[in-house]
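Asks: These are the residues of each chain, in order.
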Amino acid sequence: MPDRPSSPSSPTRPLRRVLMGLAASALILAGSVQAEPREGGVLNLVAQPEPPSLMHGVVSHVSTQYVSGKILQGLLTYDTALQPKPVLAKSWTIAPDGLTYTFDLQDGVRWHDGQPFTSADVVFSFQTFYPEVDKRLGGIFTDYVTSIEATGPLQVVFHLKKPFAPLLSSLGSGLRPVVPRHLYEGTDFRNNPYNLKPVGTGPFVFEEWKRGAYIKLGKNKDYWKKGLPHLDGIVFHVIPDASSRAAAFERGDIQALRSGDADYSDLKRLTALPGVQSSEKGWELYAGLAFLQINTRKPPLNNPKVRQAILYALNRQFIVDNIFFGSGKVAQGPFVSTTPYHDPNLAQYAYDLKKAKALIAESGVDVGAVRIRLLNGEKGGAWERLAEYTKQALQPLGFKVQVVTSDAATWFQRVSDWDFDLTYNFIFQIGDPYLTTAYLYRSDYILKTSPFANVSGYNSPQADALWSQVADTPEGEQRRQVYSRLENQLNNDLPIAPIFEMRYPTLFHSQVKNLLQTATSLNEDDESVYLDGPAP
Amino acid sequence: MNAALFLGARLGRALLMILGVLVLSFLLIRLAPGDPALLMAGEAGVDDAGYIDSLRHDMGLDQPLPRQLLIYLGRIAHLDLGYSYRNQTSVWSLIAERLPATLALMGSAFLLSSLAGIALGVLAARSRERRPWLDGLIAQGALLLYAVPTFWLAMLLILLFSVHLDWLPAFGLETVAADLHGWAWLADRLRHLLLPCLSLSFLFLALYIHLTRAATLEALGQEYVYTARAKGLAPRRILWAHVLRNALLPVVTFAGLQLGQLASGALLVEVVYSWPGIGRLMYDALAQRDYGVLMGGFLVISTLVVGFNLLTDLACRLLDPRIGAPGQS
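In order, the protein sequence lines correspond to chains A and B. Each residue of the first sequence is one higher than the one before, starting from 1 at the first, in this note's numbering. Each residue of the second sequence is one higher than the one before, starting from 1 at the first, in this note's numbering.
Honestly, the hints are just simulated from the structure, not real lab data. Even glycine gets a Cβ: it sits at the ideal position worked out from N, Cα and C. Hints are supplied without guarantee of correctness; some may be wrong.
Sample of chain A residues at the chain B side, in silico, Cβ under 7 Å [unchecked claim]: (1) 228; (2) 247; (3) 453.
Some, not all, of what chain A presents toward chain B, calculated at C-beta under 7 Å [unchecked claim]: (4) 61; (5) 241; (6) 409; (7) 413; (8) 447; (9) 450.
Take the sequences, apply the hints, and build the full model.
Replies: As structure tokens, this is what we get:
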């Protein structure tokens with residue numbers, strides 16, 4: 001952590017800064033239209049929480065992706081307009097019948113240990129590695145993929161049994177980096193020592209992980225894109241307390257804070273600091289959705305009218321504005337409205353207490369007969385206030401809500417065990433909802449193994465059929481219509497009440513350039529990031 | 001009772017105490033809901049029941065609880081703290097990596113608070129008659145420090161000394177990637193240690209000041225002090241050789257007792273200053289229900305506390321030979 005180079009009490013410093021500024025603007029006027037990226041410097045970021053592993057192929061934890069994304073790369077990524085963009089795949093073609101995907105790989109790519117990257121790594125990753133560590137993907141591949149074959153040292157072909165529109169989505173850098181075959185083949189993938197000291201193809205090389213303190217990455221001097229990266233390295237500091245993270249950012253010890261690194265209530269103050277910029281770019285692919293999970297097994301919550309009444313009774317604009325300090329937008333439906341899978345004509349649950357009461361009356365249920373437990377996990381102060389707000393908002397309908405707060409581990413177990421009535425949660429939709437959101441609704445995922453399965457107990461054969469149909473239909477107008485029917489059904493049955501689409505402001509000091517280049521800022525490889533000038 | 005017997009008895013009692021702590025904490029943490037296998041699978045993004053069961057089996061969680069306890073105690077008897085599946089490394093290596101940071105923090109805070117506390121306490125007691133304002137200042141100031149919550153004070157110190165004045169670093173134990181050697185390396189560590197050490201010291205400083213002040217005042221009123229004065233001893237010698245030696249007894253006993261509190265205070269300070277110590281390791285382990293690491297932490301801390309109490313017992317014996325003498329407890 002570089003301490004500041006000169007004492008701030010030195011009176012010459014502001015003056016020097018002005019002079020430097022003048023000199024810099026003179027330079028710009030004098031010639032170069034586009035600023036040349038400055039070489040060198042170390043970018044200081046926060047790893048929060050400290051990741052369990054540094055290999056996002058085995059651990060899909062967000063903090064793992066943040067670090068690992070600089071080291072390991074996938075075949076492709078997505079730009080901020082959600083168009084696929086080449087990474088380790090130079091280009092690809094999809095046959096018109098949707099049954100053959102041919103990927104041509106970049107040449108001259110080497111793993112950080114010097115071994116060449118070839119089609120064998122790609123085949124190993126998607127034929128052996130991912131189906132084993134990720135049973136969901138394994139299931140999909142069993143259903144849809146005939147074979148994955150290397151047709152040359154730098155060419156891989158996926159042969160499909162039937163078209164599977166979300167295939168490209170499932171191969172992106174963000175979730176499924178290509179794995180080095182020579183280090184993983186024949187090992188226990190989950191306990192492979194390289195999960196803690198990853199070897200990738202990316203612009204940064206793993207150097208050191210001092211648990212509880214920092215993770216240090218160095219520059220990949222043999223990076224396959226010439227002239228990149230600009231930085232000498234990246235250090236992720238482990239700072240467990242949000243106020244301490246804010247203080248470190250204010251000092252310039254940390255040059256960028258991801259959303260969630262600082263408290264929502266601190267964002268306004270930090271954004272207003274001189275030289276600090278804020279951007280909501282870089283989260284387009286993740287498309288986070290916060291929702292109220294409803295246990296549909298429990299009366300009176302088993303009645304869809306009661307569930308609809310709950311959503312009508314929540315003033316979601318108030319929640320976004322006052323509880324999350326504007327970091328969001330009221331949800332428009334089960335699928336995130338910025339993605340093409342959402343139907344813009346979907347019926348809306350605008351805040352309407354009268355309608356809510358009418359629905360309760362219509363249902364004929366005495367909602368006050370039993371106490372409703374709202375399980376509040378330890379996600380931070382805003383979520384706690386959201387739980388308290390919900391309790392108050394549902395009171396006029398006659399509900400007796402009890403907020404039960406527990407630590408994260410207890411929350412995780414109780415939600416997995418269906419031991420809750422209501423609870424707040426959020427997921428990243430990550431492109432096609434079939435790959436993520438579907439598991440919250442599909443009846444074959446009524447499991448007791450994770451809060452991110454169908455813990456609501458929603459069981460609708462019609463919705464299940466639509467999910468299968470959506471997977472089997474190639475991208476296009478027909479698929480859009482199936483998705484629209486599906487979204488309408490989920491929106492009426494409402495086992496999950498969508499609350500707000502999460503916005504993720506990233507705060508950074510203005511000398512950090514090119515920080516948010518793709519739709520996956522989280523695991524962006526930061527190859528083109530540079531520091532324009534020293535730390536403040 | 002002779003010294004060897006005294007020591008043997010105390011050691012035996014200490015070992016029993018540690019065993020008790022282990023058994024109790026083992027049962028206590030299992031009372032809390034939460035399942036490490038489920039959490040690990042969740043972090044990995046897996047909801048496959050077969051995988052979760054195999055994790056439980058690897059961790060030995062599929063055995064009945066009493067059997068798990070026996071297996072654990074058996075391992076401890078062989079000085080094996082077990083393996084952390086979440087961290088993919090042995091519990092001992094995790095603890096060994098973090099222990100020096102915690103020892104540095106607790107040790108420096110203990111020295112600072114006890115030495116400064118005793119000095120200020122004596123000063124306050126001596127000033128009571130001639131300079132009552134100084135006595136009042138020390139006593140009230142100490143009370144104020146005692147009343148301020150540690151984490152809040154720590155945050156304010158960061159805001160003042162790191163953010164506004166820019167004199168000291170705001171977090172961590174060292175400047176990362178600075179490649180320092182020799183004195184520069186030491187100076188860097190000390191600069192990082194200063195604020196955490198101060199924050200942790202303040203709470204105990206007040207206790208030492210008040211305890212020493214009261215004990216000194218009491219000792220000053222004893223008859224042997226009048227005798228010493230009558231004998232014509234210099235006031236300085238009376239204070240240091242006679243009064244302080246007696247006044248220190250309760251202070252030393254207290255020092256032994258407060259070590260456990262110091263360890264829990266260190267946790268707060270470690271969180272606010274991102275100090276990579278045992279406290280944070282245990283806090284994270286609790287959040288992840290990483291039972292092995294948690295138990296390892298309990299073992300290390302309880303050993304420290306019990307061992308330190310043993311030392312203070314011995315110190316009391318040295319200060320006051322009547323302790324342990326025939327006819328005394």
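Asks: How about residue 409 (chain A): closest beta carbon in chain B under 7 Å, or not?
Replies: Since chain B brings a Cβ to about 3 Å from residue 409 (chain A), closer than 7 Å, the hint holds.
Asks: Hint residue 447 (chain A) vs chain B: min CB-CB distance below 7 Å?
Replies: 6 Å, holds
Asks: Would you settle whether the hint for residue 228 (chain A) is holds or violated, based on the nearest Cβ-Cβ distance to chain B being less than 7 Å?
Replies: This hint is violated: residue 228 (chain A) lies away from chain B, its Cβ roughly 21 Å from the closest one there, beyond 7 Å.
Asks: Just to be careful: measuring from the Cβ of residue 413 (chain A) to every Cβ in chain B, is the smallest value less than 7 Å?
Replies: Interface hint status for residue 413 (chain A): holds (5 Å vs cutoff 7 Å).
Asks: Quick one, is the residue 61 (chain A) hint okay against chain B at 7 Å, beta carbons?
Replies: With a closest approach of 5 Å, the residue 61 (chain A) hint holds.
Asks: When the nearest CB of chain B is found for residue 450 (chain A), is that gap smaller than 7 Å?
Replies: For residue 450 (chain A), the interface hint holds, since the closest Cβ of chain B sits about 4 Å away, which is under 7 Å.
Asks: Please verify that hint: residue 241 (chain A), Cβ, nearest Cβ of chain B, below 7 Å or not.
Replies: 5 Å, holds
Asks: Can the hint on residue 453 (chain A) be confirmed by a CB-to-CB distance to chain B that is less than 7 Å?
Replies: This interface hint holds because 5 Å falls under the 7 Å limit.
Asks: Quick one, is the residue 247 (chain A) hint okay against chain B at 7 Å, beta carbons?
Replies: For residue 247 (chain A), the interface hint holds, since the closest Cβ of chain B sits about 5 Å away, which is under 7 Å.
Consistency with the previously given hints fails for number 1 only.
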